[in-house]
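Student: As a plain string of letters, each chain reads:
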Amino acid sequence: MYTFSSRLKIASIALMIIGALGIGFGFMNSHKSLDDVKTMLAQEASGGHGTDTHTAAAQTEAGHGDAHADAASHADEHAEHVQHQIANRPWSAIYVAAFFFMMIALGVLAFYAIQYAAQAGWSPLLLRVMEGITAYLLPGALIVLLIAALSHYIGHNSIFIWMDSEMVNPDSEKYDKLVAGKQGWLNVPMFLLRGLIYIAGWALYRHFSRKFSIAQDNADDNRYFKKSFRIAAAFLVFFIYTESMMSWDWIMSVDPHWFSTLFGWYVLSGMLVAGVTVIALITIYLKAKGLLPHVNDSHIHDLAKFMFGFSIFWTYLWFSQFMLIWYSNIPEEVTYFVTRIEDYNLPFFGMLILNFLFPMLLLMNSDYKRIPWFVVMAGVVVLVGHYVDVFNMIMPATVGDRWFIGVPEIFSMLFFTGLFMFIVFTALTKAPLTQKRNPFIKESENFHY
Amino acid sequence: METSKVIHAIYTDDDVLMAAVKKVKANKYHIGEIYTPFPVHGLDKAMGLAPTRLAITAFLYGCVGLIVATVMMNYIMIEDWPQDIGGKPSFSYIENMPAFVPIMFELTVFFSAHLMVITFYLRSRMWPFKDAENPDPRTTDDHFLMEIPVSGNEKELHDLLVETGAVEVNLVNNTH
Chain A
4 MYTFSSRLKI
14 ASIALMIIGA
24 LGIGFGFMNS
34 HKSLDDVKTM
44 LAQEASGGHG
54 TDTHTAAAQT
64 EAGHGDAHAD
74 AASHADEHAE
84 HVQHQIANRP
94 WSAIYVAAFF
104 FMMIALGVLA
114 FYAIQYAAQA
124 GWSPLLLRVM
134 EGITAYLLPG
144 ALIVLLIAAL
154 SHYIGHNSIF
164 IWMDSEMVNP
174 DSEKYDKLVA
184 GKQGWLNVPM
194 FLLRGLIYIA
204 GWALYRHFSR
214 KFSIAQDNAD
224 DNRYFKKSFR
234 IAAAFLVFFI
244 YTESMMSWDW
254 IMSVDPHWFS
264 TLFGWYVLSG
274 MLVAGVTVIA
284 LITIYLKAKG
294 LLPHVNDSHI
304 HDLAKFMFGF
314 SIFWTYLWFS
324 QFMLIWYSNI
334 PEEVTYFVTR
344 IEDYNLPFFG
354 MLILNFLFPM
364 LLLMNSDYKR
374 IPWFVVMAGV
384 VVLVGHYVDV
394 FNMIMPATVG
404 DRWFIGVPEI
414 FSMLFFTGLF
424 MFIVFTALTK
434 APLTQKRNPF
444 IKESENFHY
Chain B
12 METSKVIHAI
22 YTDDDVLMAA
32 VKKVKANKYH
42 IGEIYTPFPV
52 HGLDKAMGLA
62 PTRLAITAFL
72 YGCVGLIVAT
82 VMMNYIMIED
92 WPQDIGGKPS
102 FSYIENMPAF
112 VPIMFELTVF
122 FSAHLMVITF
132 YLRSRMWPFK
142 DAENPDPRTT
152 DDHFLMEIPV
162 SGNEKELHDL
172 LVETGAVEVN
182 LVNNTH
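Chains A and B are the protein sequences, given in the same order.
Under this note's numbering, the letters of the first sequence match residues 4 to 452, in that order.
Under this note's numbering, the letters of the second sequence match residues 12 to 187, in that order.
If you are wondering where the hints come from, they were derived from the structure by calculation, not from laboratory data.
No experiment lies behind these values; they were computed from the predicted model shown.
Just so you know, not all the hints are guaranteed correct.
Unchecked claim - For lysine to any residue, the following SDA-like pairs were computed, each having C-alpha atoms within a straight-line distance of at most 20 Å: (1) K99(B) <-> V337(A); (2) K56(B) <-> N449(A); (3) K56(B) <-> D370(A); (4) K99(B) <-> S323(A); (5) K99(B) <-> L207(A); (6) K99(B) <-> F322(A); (7) K99(B) <-> F340(A); (8) K56(B) <-> V337(A); (9) K99(B) <-> M326(A); (10) K308(A) <-> F70(B); (11) K99(B) <-> R373(A); (12) K308(A) <-> K33(B); (13) K56(B) <-> R373(A); (14) K433(A) <-> H87(A); (15) K308(A) <-> A61(B); (16) K230(A) <-> L207(A); (17) K99(B) <-> P334(A); (18) K33(B) <-> A61(B).
Kindly produce the complete structure, drawing on both the sequences and the hints.
Tutor: Following this line, the structure appears as structure tokens:
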């Protein structure tokens with residue numbers, strides 16, 4: 004049995020408290036009056052940074068004396084736009100962090116189900132570690148949905164602009180025909196209902212698989228293992244549909260004008276990489292404490308191979324999505340990448356180095372995949388890279404060029420890191436770290452590659 | 012240090028063979044060659060063979076392929092005749108790179124795979140009209156053969172090999 008060391012517990016609680024303070028600061032700091040924003044924009048323009056060509060252009064126009072009123076109202080509109088972006092930032096920051104950790108737990112759950120469905124012989128030693136991580140899924144997914152709902156009910160539709168009812172009202176000046184055309188799918192009650200259905204399905208699978216896994220320990224036949232196998236197969240079917248729809252709802256709809264068919268798989272590949280990486284990190288941690296005596300370097304080697312393979316799979320899907328849109332260059336699709344390349348150049352291309360080049364070169368060598376500190380190093384880079392990936396998916400739609408990885412982003416991550424650690428390590432204390440009667444446990448203990 | 016005589020010990024089971032290899036190694040005899048009908052896992056380790064470096068060559072060949080693709084596409088599409096084809100930006104390599112990635116990828120794989128296979132053939136001395144170096148045709152079906160060069164120690168080596176469970180131990184002239 005694992006006991007949650009008090010040092011780790013204090014560290015996770017401290018992270019949550021520090022994170023919560025930072026998040027609070029982020030929210031307080033994002034309320035700017037229109038006048039504040041105007042002063043800020045004027046300063047930026049006169050500062051000669053030229054970050055805002057829009058305002059600068061409006062001001063020169065105003066200087067000429069023509070269309071003075073027009074330019075003034077244009078500047079007003081622009082200031083209002085910027086004001087919204089500033090207000091959106093803490094919402095998006097917390098949403099990105101919440102989604103990132105939810106995504107890890109969900110990726111691990113899918114990987115766990117695959118181990119059962121494929122009757123893998125190498126992994127049963129790691130199943131309890133995976134069960135510990137998936138304990139975060141239910142609270143984590145509810146938090147994501149809650150943040151999405153609160154951004155509508157408390158915030159001003161800060162994450163999902165389609166939640167603004169004005170956008171589908173033909174009499175409003177905010178009326179948007181494209182969004183209105185999608186309101187059969189994109190409307191708040193349906194969004195919340197769908198979200199609850201996804202979460203309920205995932206949480207039910209996690210609940211029963213955990214129950215059967217523990218029941219199998221004390222059983223005298225393989226009845227529960229067979230049940231685990233069956234529900235794993237059923238869950239994987241449910242998962243691939245709901246994961247796809249979840250990625251449309253929770254991520255793609257931040258840009259309601261844009262759509263992409265392979266988006267669901269793209270999000271899935273990121274999920275699997277991040278999930279396997281966290282399995283590897285926690286396994287290495289527990290092994291270093293001597294709690295997983297049967298786990299040998301071949302298990303680490305296999306996990307590292309999955310990290311390597313899924314990293315390349317992620318890159319393949321990233322590139323397929325990017326290249327198809329770049330190549331055909333259809334205006335309604337390509338704006339997605341235009342804003343990312345113009346405003347997010349470093350994170351957008353930087354994440355390719357973190358998520359592709361680095362893991363590929365580090366984890367290609369078979370010997371390196373057996374060295375724990377090497378896997379940890381690659382794992383940390385991969386996790387940072389996939390945080391940036393989620394950041395790149397959400398932020399351009401909500402804060403546009405007003406992005407920065409500053410207090411709201413970092414402290415949101417700290418908060419959710421603390422919460423994730425707390426829930427996962429608490430769950431790990433609830434059952435022995437190795438399954439007792441899994442039919443494949445002997446094979447896994449003797450696993451050697 | 013080739014000798015004119017070798018001992019051929021024939022086994023009918025790979026587990027017995029593995030045990031025999033360990034015993035022969037423990038008695039400090041040099042194993043010249045082992046012929047098996049199929050890969051026996053762990054045999055190379057038991058024999059103490061050095062790990063293969065084929066994967067390293069494959070990586071280097073892949074790098075060559077990537078360079079070939081890049082230089083070729085850069086020369087053809089950007090430097091030699093930078094035409095406007097459907098509005099693709101041919102001003103610099105990086106600007107039009109996404110369109111070249113499929114070629115870069117495929118050539119990397121192509122070079123890596125083919126050159127590695129050819130390296131394998133060269134290093135293992137395999138080619139179409141090559142004479143088979145098979146001391147006993149049964150080793151391609153269900154027998155395992157261990158070949159040990161002898162130098163005046165035939166008797167004790169013979170006894171040791173019989174002891175390890177060899178079904179046949181023959182002293183033969185070295186053919187190669």
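Student: A separate judgement is required for each hint: does it hold in the structure or not?
Tutor: Structure-based check of all given hints:
1. K99(B) <-> V337(A): holds, 14 Å
2. K56(B) <-> N449(A): holds, 18 Å
3. K56(B) <-> D370(A): Roughly 16 Å separates the two Cα atoms, so the pair holds.
4. K99(B) <-> S323(A): Since the Cα atoms of K99(B) and S323(A) sit roughly 18 Å apart, the hinted pair holds (cutoff 20 Å).
5. K99(B) <-> L207(A): violated, 50 Å
6. K99(B) <-> F322(A): holds, 18 Å
7. K99(B) <-> F340(A): holds, 16 Å
8. K56(B) <-> V337(A): violated, 55 Å
9. K99(B) <-> M326(A): holds, 13 Å
10. K308(A) <-> F70(B): Holds, at about 17 Å.
11. K99(B) <-> R373(A): Given pair K99(B), R373(A) is violated - Cα atoms ~45 Å apart, limit 20 Å.
12. K308(A) <-> K33(B): Outside the cut-off at roughly 32 Å; violated.
13. K56(B) <-> R373(A): Given pair K56(B), R373(A) holds - Cα atoms ~18 Å apart, limit 20 Å.
14. K433(A) <-> H87(A): Outside the cut-off at roughly 45 Å; violated.
15. K308(A) <-> A61(B): Violated. K308(A) to A61(B) sits at ~23 Å, over the 20 Å cutoff.
16. K230(A) <-> L207(A): holds, 14 Å
17. K99(B) <-> P334(A): holds, 15 Å
18. K33(B) <-> A61(B): Between K33(B) and A61(B) the Cα gap is close to 16 Å, so the pair holds against 20 Å.
Hints 5, 8, 11, 12, 14 and 15, counting from the list given before, are not met by this structure.
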